[in-house]
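2 protein chains.
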Amino acid sequence: MKEIFIKQRFEVPFRYNVYFKRDLFEESNDFLRKLLESEGASRLAVVIDGGLAQAQPDLRSRIDRYFKGSFTAACIEVQGGEAVKNSWEGVEAVLKLVNEQHIDRHSYVIAIGGGAVLDMAGFAAAIAHRGVRHIRIPTTVLSQNDSGVGVKNGINYFGKKNFIGTFAPPNVVINDVTFLETLNDRDWRSGISEAIKVSLLKDPDFFEWIEENVHALNARNADVMEELIYRCAELHVEHISGQGDPFESGSSRPLDFGHWAAHKLEHVTDYTVRHGEAVAMGIALDVCYAGEIGMLSQALTDRIVRLISSLGFAVYHTDLGDENGMNPEIMHGLVEFQEHLGGVLTITLIEDVGKAVDVHEVDHDAYDRSIKKLKNRS
Amino acid sequence: MKEIFIKQRFEVPFRYNVYFKRDLFEESNDFLRKLLESEGASRLAVVIDGGLAQAQPDLRSRIDRYFKGSFTAACIEVQGGEAVKNSWEGVEAVLKLVNEQHIDRHSYVIAIGGGAVLDMAGFAAAIAHRGVRHIRIPTTVLSQNDSGVGVKNGINYFGKKNFIGTFAPPNVVINDVTFLETLNDRDWRSGISEAIKVSLLKDPDFFEWIEENVHALNARNADVMEELIYRCAELHVEHISGQGDPFESGSSRPLDFGHWAAHKLEHVTDYTVRHGEAVAMGIALDVCYAGEIGMLSQALTDRIVRLISSLGFAVYHTDLGDENGMNPEIMHGLVEFQEHLGGVLTITLIEDVGKAVDVHEVDHDAYDRSIKKLKNRS
Ligand SMILES: NC(=O)c1ccc[n+]([C@@H]2O[C@H](COP(=O)([O-])OP(=O)(O)OC[C@H]3O[C@@H](n4cnc5c(N)ncnc54)[C@H](O)[C@@H]3O)[C@@H](O)[C@H]2O)c1
Ligand SMILES: NC(=O)c1ccc[n+]([C@@H]2O[C@H](COP(=O)([O-])OP(=O)(O)OC[C@H]3O[C@@H](n4cnc5c(N)ncnc54)[C@H](O)[C@@H]3O)[C@@H](O)[C@H]2O)c1
Ligand SMILES: [Zn+2]
Ligand SMILES: [Zn+2]
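Those sequence lines, one after another, are chains A and B.
Using full-length UniProt numbering, read the first sequence as starting at 1 and increasing by one per residue.
Using full-length UniProt numbering, read the second sequence as starting at 1 and increasing by one per residue.
Chain A with its partners taken away, still in its complex shape (with noise of 0.2 Å):
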């Protein structure tokens, strides 16, 4: 039977849509009631944020009086925050919930909370019976605008950063603006760094926009805060599906512009600055290279870094470097960033607001002027 062989080919389609609401579990809100009705859904698995459910200390009888009488909902609360991706007890938790609730591949696994949680839960629903049907509901600004629109989801494992997970799109996305009101100051302002980050890559209306804005996302301004989170879902999800590459076989990832820093930031000082406020401080650092190497003018450079500033993130941090230059920990970065991807180095830099370019190799020297110069500015 030389060379022959049989071939399988097939595609797989998926559909899902990111909704803005407000006041979800409101009791005269029948949105999420009606959608569920209308998929036939009769049993949920609730799993509800831990932090979340202290900061809105009535959410949990609100969710409870919300699905009464229509669906046989169970709930669960789990620890907030990256803790929950730290273990397996989350997973288990949830997959213990799906297996007493019987949450068939017709049931709902509904996830309320901020990214840890719902990468957490977004992983147990897709291997439980190899995936149930599950909904997100993104409580904080980062994974309403970024993590929470997306496909991925994961938890942490021997110690690595989102080492096991999987590539599972949700079936619907909520993202309910409310829920933002009792977000911390931190938290609030971290997931900017996303929509700053897809303004440079893709959208210059959208940079002069959040330029024009920053008062107001200061103030704290739900409304502005829910148009900046829109486009910034929008593009996120426009560039999923439009690279051709959603489940990223390939190895270029240009929304990773920012994040090779910052991922090692957030490893390097054991996850106390957040993910978001680590963009902010990769996205400042890659935007000064550019300007050192010269493929960015410095006038752009400058005014990249002070909106940054602006909004109140730090630009600069000490495990990033000093006098002397980038700390070779983070310069380490991208070499794990490199085999990460499977041994192609490719970082993304911008020439121009809006105009994203790929790169092969790095001047180490200008990394080490630009942490000098984000120290001297900070």
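FYI, nobody ran anything at the bench for these hints, they're computed from the structure.
Warning: the hint list may mix true and false statements.
All copies of an identical chain are treated as equivalent in the list; a pair is satisfied when it fits inside any one copy or across any two copies.
Said to hold, decoys possible - Think about it this way: if two alpha-carbon atoms lie no more than 20 Å apart in a straight line, the pair counts; the simulated SDA-like pairs of lysine to any residue are:
(1) K355 with E26
(2) K373 with I63
(3) K68 with M295
(4) K7 with E227
(5) K372 with S309
(6) K372 with I6
Model the placement of chain B with the ligands on the given structure of chain A, informed by the hints.
Showing chain B with the ligands alone in chain A's frame:
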């Protein structure tokens, strides 16, 4: 922002080939080395079925020799058979190997063994780094003609079969019939029932071919077995892509012909009855039932049951029921099957060889009579 939402729609293409090769790890056979080289692979994590390793004591050193000088290959052995799916241990061992070997998304996890080891290792490979490249080398009849060429993986959890897993096509499958020499007679025979199954559903010529080759199969003729595996694998592969629902989001599962009772029987007998053996009985039962309700002619019913018996399969097990009819626990399998599919009972029967029919309700008396008939035949 009422009624505004962001729509996400994309398709993900999946492609893999199922090769038929012999003496895969002979040093002179450079098929696999060339294939890996052409994909730019450097590091390999090789997972070997412990039962296979015991039956073929020189395999491990042959594999080491085969890759030596060309690739950095690290091998581990895991327990063979269902036991490896009953704990997290096997998955943990593969994840650890992936971590220590720095397997990135462009290196390979190669799993060599029966369906159980492939299901476990395939699951680990699918969740490590959200999916690393994966080659399956099935070494049982069932895994070469059915489980190993498909898109599913998984392990058992909470005592439930395949409770966690994913849909994750491999990158390559390689069937080497020479592995089958060391199978015991039960495992040699077991997978043949899946070939009978697909022939009944889809291919009358193949059904007749199996009838004509009973003697050769019973005499363990490798050429004939390779031909059976090829055609059976081909029908499975075509089925997966041909139905427009490779990841089984719908509720019709025609390839599960004979499987509702089989799954239940495996469970009730604590997996002492092998999957293929249970499937043989499940097919006999559903064929008899189709005869009882007048869907299938008596002549054909007899002919099919005779074929199954002539291959050495039992067509009846005391746990299926007795002169009083079907064991209620088995009958409950219908309810569970329905639950699993999300509410609508759909079982597949045949009205002729090659003519599958979905039915949505069953006549319990006719099942009782079928059990009695099968008991009397045996
Ligand atoms: N899947 C992806 O594509 C992707 C992309 C980027 C980031 N991420 C992940 O997202 C995680 C970070 O997410 P995050 O920034 O949302 O932080 P987070 O999930 O860690 O939440 C931050 C804190 O806010 C609390 N919280 C959540 N909602 C609240 C609310 N409405 N009011 C008050 N407190 C609330 C949480 O309990 C937590 O303590 C990281 O694990 C990161 O790896 C995933
Ligand atoms: N993923 C799917 O789509 C799918 C479909 C059907 C079945 N399955 C799964 O497949 C598993 C059954 O697979 P199986 O029938 O291959 O049995 P198995 O994997 O349990 O193997 C049977 C025994 O044979 C040993 N063995 C393997 N290769 C050998 C060889 N060449 N020589 C000697 N011994 C060898 C094993 O160690 C084991 O002890 C079940 O867990 C079932 O759930 C999966
Ligand atoms: Zn990010
Ligand atoms: Zn089967």
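Hints, verified against the model:
In this assembly of identical chains, the alpha carbons of K355 and E26 never lie at most 20 Å apart, being 43 Å within a copy and 52 Å across copies at closest. For a Cα distance limit of 20 Å, the shortest separation of K373 from I63 qualifies neither inside one copy, at 50 Å, nor across copies, at 54 Å. For a Cα distance limit of 20 Å, the shortest separation of K68 from M295 qualifies neither inside one copy, at 59 Å, nor across copies, at 45 Å. Taking the shortest Cα distances, K7 and E227 sit within 20 Å of each other only across copies (17 Å), while inside one copy they are farther apart (47 Å).
Taking the shortest Cα distances, K372 and S309 sit within 20 Å of each other inside one copy (16 Å), while across copies they are farther apart (81 Å). Proximity of K372 to I6 under the C-alpha cut-off of 20 Å is found in neither arrangement, the shortest distances being 58 Å within a copy and 41 Å between copies.
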